[in-house]
Every structure is written in C-alpha cells, then in structure tokens.
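Residue numbers (this note's numbering), protein chains in the order written: chain X, 30 to 716; chain V, -6 to 320.
Since the hints were derived computationally from the structure, they do not count as laboratory data.
A couple of the hints might just be wrong.
[As the list claims (entries may be wrong)] So the derived label-pair ranges between C-beta atoms look like this: (1) PRO106/V <-> HIS337/X: 19 to 27 angstroms; (2) GLY40/V <-> ALA619/X: 25 to 33 angstroms; (3) PRO106/V <-> PRO400/X: 58 to 66 angstroms; (4) PRO106/V <-> GLN416/X: 22 to 30 angstroms; (5) HIS337/X <-> SER126/V: 47 to 55 angstroms; (6) HIS197/V <-> PRO461/X: 45 to 53 angstroms.
The beta carbon of each residue, even a glycine, is placed where N, CA and C say it ideally should be.
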Amino acid sequence: MLRRLGPAFWIGSAWIAVVLAAGLLADVLPMPRYDETLAGPPQAGPSAAHPLGTDGLGRDVLSRVVHGSRVSLGVGVGAVLLGLLVGAPLGVLAGYRRRAADAVIMAGTDIALAFPALVFALAVVAFAGASLRNVLIVLGVLGAPAWTRLIRGATLSVAQREFVLAARALGARDRRILWREIVPNVTMPAASYAFIGMAVAVVAEGGLAFLGLSVQAPTPTWGGLINEGRAIMENAPHLVLAPSVVMFLTVLSFNLVGDRLRALTAVRESGLEPVRRAAPASLPTAPHAAGDVLLQVADLRTHFVAPHGTVKAVDGVSLTLERGRTLAVVGESGSGKSMLIRSILGLLPAGQVLRGGKVYLEGEDLTAYPPERMRRVLGTRLAAVFQDPMTALNPVRRIGTQLAEPLRVHRGMSRRQARAEAARLLASVGIPDPARTLRRYPHELSGGMRQRVTIAMALSCGPDVLFADEPTTALDVTIQDQVLRLVHRLRGERDMAVLLVSHDLSVVAEWADEVVVMYAGRVVERGPTAEVLERTRMPYTEALLQAVPKLTDPPHRRLRVITGRPPDLAALPSGCAFHPRCPHADPRCATETPPLIPASDPPPAAGPPAAGPPAAGPPADGTPPAHQPPPAADGPPSAVTPSSPAEPRPLAAAVPPSSTAPEHLYACWHPRGAGTAITEGAESHGR
Amino acid sequence: MAGSGTAHLRPAEQVVLRVADLVVAFPAGRGREVRAVSGVSFDVARGETLGIVGESGCGKSSAARALMQLPPPRAGSVRLDGVELTALRGEELRRTRRRLQMVFQDPISSLNPRRRIRDIVAEGTRVWGLGDSRVDEMLEAVGLDPKTAAVRRPHEFSGGQCQRVSIARALVPEPEVLICDEPVSALDVSVQAQILGLLEDLKHRYRLTLVFIAHDLAVVKNVSDRILVMYLGKVCELAPSTVLVDHPAHPYTRALLSAIPRSGLDLPPSDHLITGEPPSPVTPPTGCRFRTRCPKAAPRCESEEPAMRAIDDDHWVACHFPEQGEE
Chain X
30 MLRRLGPAFW IGSAWIAVVL AAGLLADVLP MPRYDETLAG PPQAGPSAAH PLGTDGLGRD
90 VLSRVVHGSR VSLGVGVGAV LLGLLVGAPL GVLAGYRRRA ADAVIMAGTD IALAFPALVF
150 ALAVVAFAGA SLRNVLIVLG VLGAPAWTRL IRGATLSVAQ REFVLAARAL GARDRRILWR
210 EIVPNVTMPA ASYAFIGMAV AVVAEGGLAF LGLSVQAPTP TWGGLINEGR AIMENAPHLV
270 LAPSVVMFLT VLSFNLVGDR LRALTAVRES GLEPVRRAAP ASLPTAPHAA GDVLLQVADL
330 RTHFVAPHGT VKAVDGVSLT LERGRTLAVV GESGSGKSML IRSILGLLPA GQVLRGGKVY
390 LEGEDLTAYP PERMRRVLGT RLAAVFQDPM TALNPVRRIG TQLAEPLRVH RGMSRRQARA
450 EAARLLASVG IPDPARTLRR YPHELSGGMR QRVTIAMALS CGPDVLFADE PTTALDVTIQ
510 DQVLRLVHRL RGERDMAVLL VSHDLSVVAE WADEVVVMYA GRVVERGPTA EVLERTRMPY
570 TEALLQAVPK LTDPPHRRLR VITGRPPDLA ALPSGCAFHP RCPHADPRCA TETPPLIPAS
630 DPPPAAGPPA AGPPAAGPPA DGTPPAHQPP PAADGPPSAV TPSSPAEPRP LAAAVPPSST
690 APEHLYACWH PRGAGTAITE GAESHGR
Chain V
-6 MAGSGTAHLR PAEQVVLRVA DLVVAFPAGR GREVRAVSGV SFDVARGETL GIVGESGCGK
54 SSAARALMQL PPPRAGSVRL DGVELTALRG EELRRTRRRL QMVFQDPISS LNPRRRIRDI
114 VAEGTRVWGL GDSRVDEMLE AVGLDPKTAA VRRPHEFSGG QCQRVSIARA LVPEPEVLIC
174 DEPVSALDVS VQAQILGLLE DLKHRYRLTL VFIAHDLAVV KNVSDRILVM YLGKVCELAP
234 STVLVDHPAH PYTRALLSAI PRSGLDLPPS DHLITGEPPS PVTPPTGCRF RTRCPKAAPR
294 CESEEPAMRA IDDDHWVACH FPEQGEE
C-alpha cells in the first residue's frame, strides 16, 4: 500500500514536515527574532547571515517566513479540523439516518453555502477584531458545509453496502455500526480531502492577510509578508519571492499528499486501449505456418510485469476459426479467457506488457499492423461484445447517434443513410419499435435491450469475426436464451465466425461447434464440443463438468468439488499447472508440462517416456510445449520442428485441419477415458 | 401469476417461518411507487430448505430483506415461531431478529474492508456477549484457519473464502433460519460446488432452516426441498423440487426451465413459451402479471388475478390455465 503512494506523496509529506517542524521550533532555531529590527542592513539580499535577506527594517526574512508558517499552517490545519469537527458528525448523521435528518441538514448546508464568504469574513473581523482565533473560526465555519456534504456522500456509499446490513442483522446497535463499520471507511476519503482542504485554507488565509483581514502586525504571516514586500518590490524582490515560493510549495505539497491518498481509495479504470507501441520486450514465437483460415491465432502470449512477478495471463494459445462456426473458450475466472480475446484484438491495458505470438486474419498478420491500421480493422472486420453493455455505450448520447457514428466513419454513409441503416440494424437484433429506440438513452433500456444494441453496434460494419466475452452473464436466463439465439441466427445470416467466451458449460454445449478449455493461461483441452464434453480427457474439464449441478439430478446430490484454488498466474506450479488440484496427478505431472496430444493417438505411456520425451520438459527459455508435435508412438519427435514459413503446416498441433473437423486435443499425462471408448468421466456428465 | 392468496400455507404449528401477504414498496419518483413484492405468501418448515427462484426484478431479494425487517415490509405478516416480527419495535425486534441471519450475493461488499476477518466473524459474539470460542468453532466449521483469520483482511481472500466468512459470521449468533440471497452467483462453478456442499453440511450440523434465493434453477434444485417461483413481485408456483422441475405447471416456470440450455428436460424451445421482456414493475399488467409474455394468455387473465390453488399433492400454482398431466 505504501509503495502505491509514489514519490510525489513522500516529497510532499517531507516538505510539510519540514515547514511544520520549523514553525514549531521557530523560537529555538539559531536565527534572529522575527521582530528584531536592524538584525542586518535593510533591504539586503540573501547572504550567509541572512539566507533570505532582510526587509526594509532590517529584519531577517527567513525568521519572518518561519514564524509566519505558524499562522499559515495553524490556520490551515486548525480550520480544517474545526470544519471537520462541525461538518463530519452532521454528514455522517445525514448519510446514515437519511429521511428527515438528511433533509434538514442538507437544507442547512445549502443555505450556508449560499452565504457570501468574504462578507462574512469582513463582518467578523470588523466586529471581533483580526486575531488568529477569529481567522480560524471564519475559515473553519466557512468550510464546514462542504465537509458535511463530502462526509455525507462517503457515508451514503458505505451505508448501502451489505456489511452494514449484516451488522444490523446481527443486532449491532446504531452507535456500534457507526463506529465499527461506517467511520473507518469514511476516514480515508476524509483524510485525503483534509489535505486538499488545508491547501485551500492556507491560500485563503494568505488572501485574507494580504487584504489585512488576518492576524495583524507585528506577527508575521505569509500573506502579510507578501503585502509588506509589495511596496518595495522593485528594490528588494526577495521580500515577495521568499514567502510566495514557500507558500506555493506548501500548497502544492498538501495537494499532492491529498491527491495521492485519494488515488489509493479510488477505483482504478481498466483502460482498454490499443497498445500505443509494441512492447519493447516481445516474447519469442514458436515456428508455425499461417494456414488458409479466417482467423488463426498462433502461440499467442500476453504477460504482465507486476511487482510480484510476471503474470502469464495468456501463455501460448493457438486456435483457428472458420466462417460460420462458433468457437467457445471456457474456463474459470483467472484462466485467461477474457485476456485471450483482448490479446487477439490488441486491446490490452496500459502498463508493462510482454506480447508474443501472431494473429492472422485471412493470412494477414495483425500483430504487425501499426495501431492506426489496427484501429481500422477493429469494428469493421473484428467486432466485440462484452459482458457489461454499458462499457460499450456512452450514457449521455442517444442510441441513434452512437449507432450511426461507425456507419458514417467506416462506411462513409450520409447522416440520413446512417440513420436508416441504424434502424434496420436494431430491427435485425429484435428490438421492437427501432425508430423510437434510436431516440433513447442507454439508461432507458433494459439490460437485455442494451446488449442487443451493443450487438447491433458490433455488427454495424459487417465484421468477419464477432468476439463475445460473457455476453449473457449479466442477463436473466430467458433473456440469455434470446440473445444467444440472436447471435446464432446472425452468424448464419452474415456468414461470420463467433468466438464466444463463457464460464457456463451448458451455454457452450448448446451454442458452440468447438470448445477450448483454458486453465492458467493455457489450453488444456480443445476440440469439437460434443467430443470434448462427452469424451473428456483432461481431468480439469471433467471436474468442471461434474461441479455443475444438473436439473435432472435429485435434490441434495453432492457435487464434485475441485479442491484448492486456481493458481497464482505469477507463480505457476511446475509441470502441469493443474497438478496440485488433480486427483490423478503423479510425480511426472509435477515436473513435465504435458503437450497437446490428439485424442485419437494412444495415450502417453505411464512413467518416464520411453521413446524420446514428448515434451522436453517445460524448457527454461519458455518455449511452449503446446506446439510441439504430438508424441507419436513410433518415433521421437524433435522438440521444435525447424521450418520456414513457406513449408506448409509443419506442425500438426499448430494448424489442425479445422476447415473440416477440428481435432480433439488434450494436455495431460493421465487422460480420462484413454484406451477405452467412454469411462466414468464421460458417463457421469453425459449430456 | 398474480399468485395472491394463502391457500398454500401449512398449519402454523408445522412451520418455523410463515410469511403472509407480504408487500414491499419503494418510492419510484414523481409520487409513484414500485411494489417490488406484492402480496407474497410462503412458509418454511423446521429443517427444510425453501428455494426461491426468479429473474432480476421479481422481488426475491426485496422479500428476503423484508423478512429480516431491513427495512420492514409495507404490509403483510412475518411470523417466526409464532412471533409476529412486523409488530416488534426497537429492542424487542433487535433480539428476535438475531434468530434470522443472512448471507448476501456480493462476497466483497458483504465484508467491511477495514476489519480483520476474525473481528468480522466475532461481531455477533461481541454484540451479544457470547464466548469467543464460538468464533473459532465457526471459522473451522466453514473451513477457514482461525490463525490466518486473526491477521488477514477481506481483500486478501478470494471470493469463495469471503463467502465462507459471511456464512461463519451469520452462524455465530446461533440463528434458526439462514437466508441466503444469491450466495453463489458471483462464484466460479468449482467454488460454487464447494459453497453448496458447505451449506448442506452446516444445515445438518446446526439444524438450520434455509431460505435459498437464486436465479439458477439447477442450483436451487440442488439444495432445496421445495421451490417457490416468483415473477414481478408475485408467486407463480410452489412445489417439491423434483415435482417442480419434472412437472412444471405454470407457463412461466416452464419458460424458465426451457431457457436453460441442455437441461435434459423434455420441453419446447423457450421462444415458444415466453416472448418479450418483463414489463415495468411501476405499472404492472392487470390480472395475471405474466400474461404479456405468456403464449396461453386469454381475456380472463387480463381481468382476473389467479390465486394459488392446488393441482396435486403439495403442488400449488397461480394460473388460470396450468399445464397438467404431462410427463
């Protein structure tokens, strides 16, 4: 947590600490008193005896600035504390109690905020005199309404969370809930704003002092010093410069500290943008041939450099996809399935990313495209639909405007043509009354309708491949069915390919022609959907299938539990990444990474491989075994077949003849159902 | 679908929780209000698991919170062991409510990020002055290490572990009824299986009565003895789990089941059983609320709200034209 604060926070804190210490120790520091006249020659510039020079009466400027910090910081900190003291309890009360208390308090704050601040300050100083106490009270009281609002907002967002409800269910009294559940969660945002508030108060005090409304001479204040120096600025500019610079640095430091604290509590955006430039350190790509298919992904890798290690989100994935087919990628969260789609599309988060592998669209290498060219491919030839339709829709623009824009940009339509085409698109995704929907805003539509709109947007430029990342996960089951039916129908009508990412195996079973099962960034099994689901080889796939409750099972039936947790992608287990959770694992699984093996081949021999290692272990250089040729029973394959791109299909596993029937492949030393036709694994999940 | 009526309630002495004509309403702006729950009745026998299933906006979560009186319902009766919760106020309510506990959907939002796991679980003992030994017992019962829990905070735990913490916290004050509001829908299937198994174990070990709310019928069937189907604030159908899945009588139940891909059930495709989208809960349809999406809707459905009636032994349905006698 401290690391995330960054150097700006620490530099700012250090400066504040220095100013604070100097102010506190001003009387004992070895320098002349602030009011000692003729401590040096008047209006002298900086010298060894007087580092910041002297003023018109020969008083030491450093001493005056240091003493002035007492007032400035005192007012800054004091006013904020006073404002918090008044505002925070009211804010917590309003946010937690709601109803009448909220209405009264907020009405009071609104009135207070409407009051002219400067008039108030003038009135207090005129009647009560300009003293440190009065300035503090003026600035503190003026700040209180803002604090009430801020704390109320923070309280509201915390009070709505389930842990507060749970505390009430447990029988905790309001006072306990406030102190244990609400206040600790409001403190952090309040602290960050407190620092920013201190900056504001320091500036405000400076302003008041400059106007002569703050603490009066001879007590020095920064604003007062600037005011005094103004008269003889031409002769002695340091008189204005010194307090100005110190005040500037102090305000900046308060702001930096507050800003960094706020960044700690704020939710970070997941910036999805095409990577601006190719990552300097690209990962090696295993040799492969570009096949004659619509979409080919070869040895794709995406690694993130994180503080705790390299996160291998996608680690050597290959697949091919033809027109008119649906390929499903399944896996648990953290298996890398969403990152696979983003890697194919080149939409990766900012930060240090290592990329490897190739993506071919009809033989063209997309990874070699500059970002400008890639942007033109996105949306026109490759389109994507994500889980949350609101990430794709701009909440403040009408559906019609958003739908028409790509049509006008990419397809050069006139405004009128685009509008007509947009209505046609909405009708094609089953939206009733498209003309009316065009005039609506996203928030006026239901979740299912929004997802239909994003599908219409994705289809607007007639893409070759539609990427759908959990498109129905946020939708109700009846709506999910409608949306998936729609995607299926459009795939046929438009002769597209669909790459569907889902965690729901029943969705995959129903709608996908081929399935790729991912675990820890790698493909562990893939092939025709029926083959993979009914003749499951990989124990992970089998366990996933058996963990899902089935409607045809009797109630209270025990589900298969996969022990343990998905691995940390920055510290993957050796060998097969699934081995710590696998009931069939043996020592070999912990040491050797199994390659993808055709299910039609005989299973790997038990024990150490006899005829040449099928995978020469997971080599230290990171060459993925996934693309090594399958271990043939009759000969040791070389680890990596050297090949030139001219040679057609040097690697069976890299380019399966997907145009006909995709091959069933799996990565496991101890496959289920090997040797026999169907074993217990296949029977128990027979769908 | 309107499914009003209380014909399906069992005699009071057989049940631990009895909910009758529950109404939950929220302001919807401009003086209007949404009736999230509109006259729902159900009961749960001791040791039974009642599954409540329905799509988003059907009022299942609002009903759950109204049971806890968080906030109290607009109208209707919630009786726990014969005690009318809606009539209780202040200290009395606080004491009685403790016997109902709840587990929420969002494992992250359910736990205070600023407290340690052990303190979160121990909250109930501190509020009620119970011994600390129960905290360790519960942590172990849900499969968490008390030593780790003493130092860790929620963000260091996975979603499944956070859900275990929520369950442990809810069991500390020794509740009779545990209300689980979508406890597994934010979890991966492998973790979901763990939590479902854990709930079954704890139910037997601590003689709990469960109200299990979810949108996934397969999950609900896996844990429930009886299932209640809700639509737009009303009850559609109530039956033992197997009966409901094998012989769904309400058109909405049938649509829900048929929308599940590869369910293994013999039902027509879902687009033959349901059309369109749910209507606005602010202005619900007259008569049966499902009629706007129902292929069987007739004029009678528009004018007359169907009441719950028995079509078989312990099989209740609120429909004028239920599906009957088909395999």
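Right, here's what the structure says about each hint:
At roughly 20 angstroms, the beta carbons of PRO106/V and HIS337/X sit within the given window of 19 to 27 angstroms. At about 45 angstroms, the beta-carbon gap between GLY40/V and ALA619/X misses the expected band of 25 to 33 angstroms. Restraint check, PRO106/V to PRO400/X: a C-beta distance of roughly 38 angstroms breaks the suggested window 58 to 66 angstroms. At about 24 angstroms, the beta-carbon gap between PRO106/V and GLN416/X stays in the expected band of 22 to 30 angstroms.
The hint said 47 to 55 angstroms for the Cβ distance between HIS337/X and SER126/V, and at roughly 37 angstroms that hint is violated. For the pair HIS197/V and PRO461/X, the supplied restraint of 45 to 53 angstroms holds, since their beta-carbon distance comes to about 50 angstroms.
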